[in-house]
Amino acid sequence: MLDVPADRPALREVHEALTGRFPDSVLAGSFEKGELAETIRAEDLLPVLRFLRSEHGFNCLDDLIVLDNVRLPEAPAKRFSVLYQLYRFPGDVRVRLVVDVGEDEPLDSVVPIYRSADWAEREAFDMFGLRFRGHPDLRRVYLPDDFDGYPLRKDFPLEGKGDGL
Amino acid sequence: MAFKDIELNMGPQHPSTHGVLRLKLTVDNEVVLKVEPVIGYLHRGMEKLWENLTYTQIVPLTDRLDYLAALSNNLAFALTVEKLAGIEVPKRGRYIRIVLAELQRLASHLAWAGFMANDIGAMSVLLYGFEAREDILDVFEEYIGARLTVHGIRIGGVPRDLDEALVSRIRGVLSGIPRRLKDIRALLDENRIWKQRTVGIGLISAAEALDFGLTGPALRASGVNWDLRKSIPYSSYDEMDFDVPLGSRGDVYDRYLVRMAEIEQSIRIVNQALDKLPPGEFMAKVPRVLKIAPGQVFQTIEAPKGVLGFTIKSNGTDKPERVKMKSPSFINLQSLEHMCRGNLFSDVVGILGSMDIVLGEIDK
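Heads up: the sequence lines are chains R and X, in that order. Start counting the first sequence at 1; every next residue gets the next number (the working numbering). Start counting the second sequence at 1001; every next residue gets the next number (the working numbering).
Hints are supplied without guarantee of correctness; some may be wrong.
Stated by the list, open to error - Below, in silico cross-link-like pairs of lysine-lysine (PhoX-like), each with a Cα-Cα straight-line distance of 25 Å or less: (1) X:Lys1004 with R:Lys161; (2) X:Lys1291 with X:Lys1319; (3) X:Lys1083 with X:Lys1291; (4) R:Lys33 with X:Lys1091; (5) X:Lys1230 with R:Lys33; (6) X:Lys1083 with X:Lys1230; (7) X:Lys1048 with R:Lys154; (8) X:Lys1091 with X:Lys1291; (9) R:Lys161 with X:Lys1230.
What the hints assert, rightly or not - Here are some chain R residues the structure puts well away from chain X; computed CB gaps all over 10 Å: (10) Asp7; (11) Ala17; (12) Glu43; (13) Arg50; (14) Pro76; (15) Gln85; (16) Phe89; (17) Asp100; (18) Val101; (19) Arg133; (20) Asp146; (21) Lys161.
In case anyone wonders, no lab produced these hints; they're calculated from the structure. It should be emphasised that the depicted structure is a prediction, and the values quoted were computed from it without experimental measurement. Where a beta carbon is used, it is the ideal one built from N, C-alpha and C, also for glycine.
Using the sequences and the hints given, assemble the complete structure.
Written out as structure tokens, the structure reads:
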């Protein structure tokens, strides 16, 4: 059982509501440096986000972050971790959802729930090659459409490939 | 002969795109139907570079993101590293940071007023805005020796103390800004042409703005009271007394009024921070080679353009495993199409200007 300190009642409440409502979906929780992070099963991402948005008021998706775990000393079974940084406006409550996803596994797009995820998911596709099921327009956002490879993956060389173009 | 659904190209080399931004517009006669921003012309792969640099080496590179507000980028990155490594910045250091960050906000808003008015066709405002901004850049130059890419905030504090001479110089600069602000507002506030080009143009409601993830003055112009300096205070902002200016309609004119009011509030904050400047150290003890135990944090600040954030994951070495930047302009630009749809083609420039985007930060 994760121990969220008593001086953060809002975070404690969110953690208990999540584990109570989705006992099988929440795989792990952590509370470090004042931030609550919940690891959830990839297939339950949309119901969990809908629950947090409609019943707990998390109306903003602050950021969508992708981590490539391939070079970590004890690499997890799945290659990527996708982090959803949620914020409840007004107030100061933030929660991070973590979803682990393999190289060829598509992930559900959260655009129907958070419109601001549109370009964030395009960026994740552009930089890491992650696919988002149900995204309205999944194209590269920064790089040209014919760019070869996904530059933020750990196995993409820093100096680029070929002549660098 | 009817003109329907004509595609128009704007940029990437266009004086009103504030950098290299390309817009693909679909218009029906003069009415805008669709806007598709095409970005990436300035993409330098910053996040990839950061994974291969030490924490201290990254700070000067953050200057090049939002290059009109280099110190805000420095501050956001330094705060994130400090949270991750558990470094406590001395109180004097935090106050000097507030002074620098608010001066930077003043410089950014003044430059914005000039560019924005220039885009719409009022040339003289550019000169007034830049004259006031110039004095602030001179302060930066005296403080650290640089004007644009300042690198004036370091991990653990600030590189130099504020001495008496510099404090009085800053006060002098601050006392000169209201006069220039008055000049700008006398030219624009009740100007009939300005109001025709801004009032009721580029509307976005509070609910839509939140949904699109809009932040900063553009969000507050829609009446949403979200300022991170108040709601999640960092760096001793909770000890400052200031108001959060809000708009009501969420049009271009409100975005202008909110930024003008924020200039007054920033002057207030800098004066308070200088009055209360506590004695003591301005820099924490930070090891020369900063190695951070594995961990991960997310930290945001209220930058001039909106909510600027960093996520850093450390791996025990002196280089981060991953740095992700939450860029306010990138997220704000998503709502451009919504604001432009149904407006006239000639207003696209004004709406784009009112969002205050910087391509260095969008493209990373």
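(request) Take a quick look at R:Phe89 and tell me if its Cβ sits farther than 10 Å from every Cβ on chain X, holds or violated. (result) Violated: least Cβ distance 6 Å, not greater than 10 Å.
(request) Just double-check R:Val101 for me: nearest Cβ-Cβ distance to chain X has to come out over 10 Å. (result) R:Val101 is indeed farther than 10 Å from all Cβ atoms of chain X, at 16 Å.
(request) Could you check that no beta carbon of chain X comes within 10 Å of the beta carbon of R:Arg50? (result) Given a closest Cβ separation of 15 Å, the condition holds.
(message) Please verify whether X:Lys1291 and X:Lys1319 have alpha carbons no more than 25 Å apart.
(response) Holds, at about 7 Å.
(message) Checking a non-interface call: every C-beta of chain X should be farther than 10 Å from the C-beta of R:Arg133. Is that right?
(response) 20 Å, holds
(message) So R:Ala17 supposedly isn't at the interface. Is its beta-carbon more than 10 Å from every beta-carbon in chain X?
(response) 21 Å, holds
(request) Against chain X, does R:Gln85 hold up as non-interface, every C-beta pair farther apart than 10 Å? (result) The assertion about R:Gln85 is violated, with a minimum of 6 Å to chain X.
(request) Against chain X, does R:Asp7 hold up as non-interface, every C-beta pair farther apart than 10 Å? (result) Check passes; 16 Å lies beyond 10 Å.
(request) Beyond 10 Å from every chain X Cβ: check whether that's true for R:Pro76. (result) At roughly 13 Å from the nearest Cβ of chain X, R:Pro76 sits farther out than 10 Å, so the non-interface label holds.
(request) Would you assess whether R:Asp100, listed as outside the interface, keeps its beta-carbon beyond 10 Å of every beta-carbon in chain X? (result) Its Cβ never comes within 10 Å of chain X, the nearest being 14 Å, so this holds.
(message) Please verify whether R:Lys33 and X:Lys1091 have alpha carbons no more than 25 Å apart.
(response) 21 Å, holds
(message) Run the distance test for X:Lys1083 versus X:Lys1291: straight-line Cα separation, threshold 25 Å.
(response) 13 Å, holds
Checked against the numbered hints listed earlier, the structure breaks hints 1, 9, 15 and 16; every other hint is satisfied.
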